[in-house]
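Student: Single-letter residue listing:
Number of protein chains: 2
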Amino acid sequence: MTRVSFAAGPAGDWMIETIDAVCGQTLAGAPRLARLEGEAFQAPVGSAWVIDGVRSNDRYVERAEKERLVARQAELGRSDSTCGALIPIRKSEAWWRLAQDERRAIFEDRSRHIAIGLEYLPAVARRLYHCRDLGSEWDFLTWFEYAEADRAAFDALVARLRETEEWRYVEREVDIRVISARARTD
Amino acid sequence: MTRVSFAAGPAGDWMIETIDAVCGQTLAGAPRLARLEGEAFQAPVGSAWVIDGVRSNDRYVERAEKERLVARQAELGRSDSTCGALIPIRKSEAWWRLAQDERRAIFEDRSRHIAIGLEYLPAVARRLYHCRDLGSEWDFLTWFEYAEADRAAFDALVARLRETEEWRYVEREVDIRVISARARTD
Numbered sequence: 092m093t094r095v096s097f098a099a100g101p102a103g104d105w106m107i108e109t110i111d112a113v114c115g116q117t118l119a120g121a122p123r124l125a126r127l128e129g130e131a132f133q134a135p136v137g138s139a140w141v142i143d144g145v146r147s148n149d150r151y152v153e154r155a156e157k158e159r160l161v162a163r164q165a166e167l168g169r170s171d172s173t174c175g176a177l178i179p180i181r182k183s184e185a186w187w188r189l190a191q192d193e194r195r196a197i198f199e200d201r202s203r204h205i206a207i208g209l210e211y212l213p214a215v216a217r218r219l220y221h222c223r224d225l226g227s228e229w230d231f232l233t234w235f236e237y238a239e240a241d242r243a244a245f246d247a248l249v250a251r252l253r254e255t256e257e258w259r260y261v262e263r264e265v266d267i268r269v270i271s272a273r274a275r276t277d
Numbered sequence: 092m093t094r095v096s097f098a099a100g101p102a103g104d105w106m107i108e109t110i111d112a113v114c115g116q117t118l119a120g121a122p123r124l125a126r127l128e129g130e131a132f133q134a135p136v137g138s139a140w141v142i143d144g145v146r147s148n149d150r151y152v153e154r155a156e157k158e159r160l161v162a163r164q165a166e167l168g169r170s171d172s173t174c175g176a177l178i179p180i181r182k183s184e185a186w187w188r189l190a191q192d193e194r195r196a197i198f199e200d201r202s203r204h205i206a207i208g209l210e211y212l213p214a215v216a217r218r219l220y221h222c223r224d225l226g227s228e229w230d231f232l233t234w235f236e237y238a239e240a241d242r243a244a245f246d247a248l249v250a251r252l253r254e255t256e257e258w259r260y261v262e263r264e265v266d267i268r269v270i271s272a273r274a275r276t277d
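Residue numbers (this note's numbering), protein chains in the order written: chain A, 92 to 277; chain B, 92 to 277.
Everything labelled a hint here was simulated from the structure, so no lab data went into it. Hints are not guaranteed to be accurate.
Which copy is meant is left open, so a pair is good if it fits within one copy or across any two.
Straight-line Cα separation of at most 20 Å, SDA-like style, residue types lysine to any residue; simulated pairs [stated by the list, open to error]:
# : residue 1 : residue 2
1 : K157      : A196
2 : K157      : R195
3 : K157      : R188
4 : K157      : D241
Everything numeric in this text was worked out from a predicted model, so none of it was measured.
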């Protein structure tokens, strides 16, 4: 189980451009964001906030979808991916009380979450982290990386998802946009 | 998210009768087992081992199954439930790499996990805790309570599950049987 911590504060590879509360309470501002993934690390001293998660197993994706995703998706860390976004989300208790088939029906049959995401591959690279079982105030965190030229496409992706039936169950969402600090010092 | 800790050591409401490694490494022996569920607690000093988990959302159960389960299942803590069992399980990486529909097909369509369990309700009360995302060496813990008269039924339940296709993915399982310490001091 690989852990991750996202730490907002004075240090980190990503410069924070904007922090927008899409739904519910926002997060404090800070100059930098660090994505610390792996075995042993310490969150930077003076962090404004730290959110922890884990890479875990798929919850909804079926085999045929997984094969389409794997065939099209890109890795994180591409040199032209100078834009990033961290979107922590918490869903309502009503969502979590649903049975697996009910959540799956909303997630894909009616909201087309996977199908919409596929349209933006490989431009938008994505990694999902879970945190609900950790007792976090968030249920999951999604990290995205894309090129400057794909900013509008990324905006369209998140706008489309936010219009779905699935998103009626989102009770807190913050959209944190960042740009690579390394790119800017080249 | 409600947390639980199972602590084996000198104190606890349950006297440990047997600890059997069904698969993989066993756990150390101890006189008592405590199930500490809720907000704030400390594991007893001198514990031989402590396993943490959380009550979380259903991963496989569909709506119709959930209704059948809710209609038949019993609560924990019945006065005649003087027997208990704690069964921590870890599944293989091959299991966790499967897509959701593949895991569901093995779990219920082919192994009848829910259907078999239903046959033993309400005699065997059951609560599932998840721990995989906590970075535990276990994936989940199941706690069972039943009456002395239902010991053979409980043995049959676990024997049937262990013969299923799903169980081929179990790489570690320990079966800890306990009896109520309160019942024995009445």
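Student: Would you mind marking each hint as holding or not holding in the structure?
Tutor: Each hint, compared with the structure:
1. K157 <-> A196: Both. Shortest intra-copy (17 Å) and inter-copy (16 Å) distances satisfy the 20 Å Cα cut-off.
2. K157 <-> R195: Both: 15 Å inside a copy, 15 Å across copies.
3. K157 <-> R188: So K157 and R188 pass the 20 Å test across copies only (11 Å; inside, 26 Å).
4. K157 <-> D241: Result: close neither inside a copy nor across copies, 24 Å intra and 43 Å inter.
Comparing the model with each numbered hint stated earlier shows that hint 4 is the single one that does not hold.
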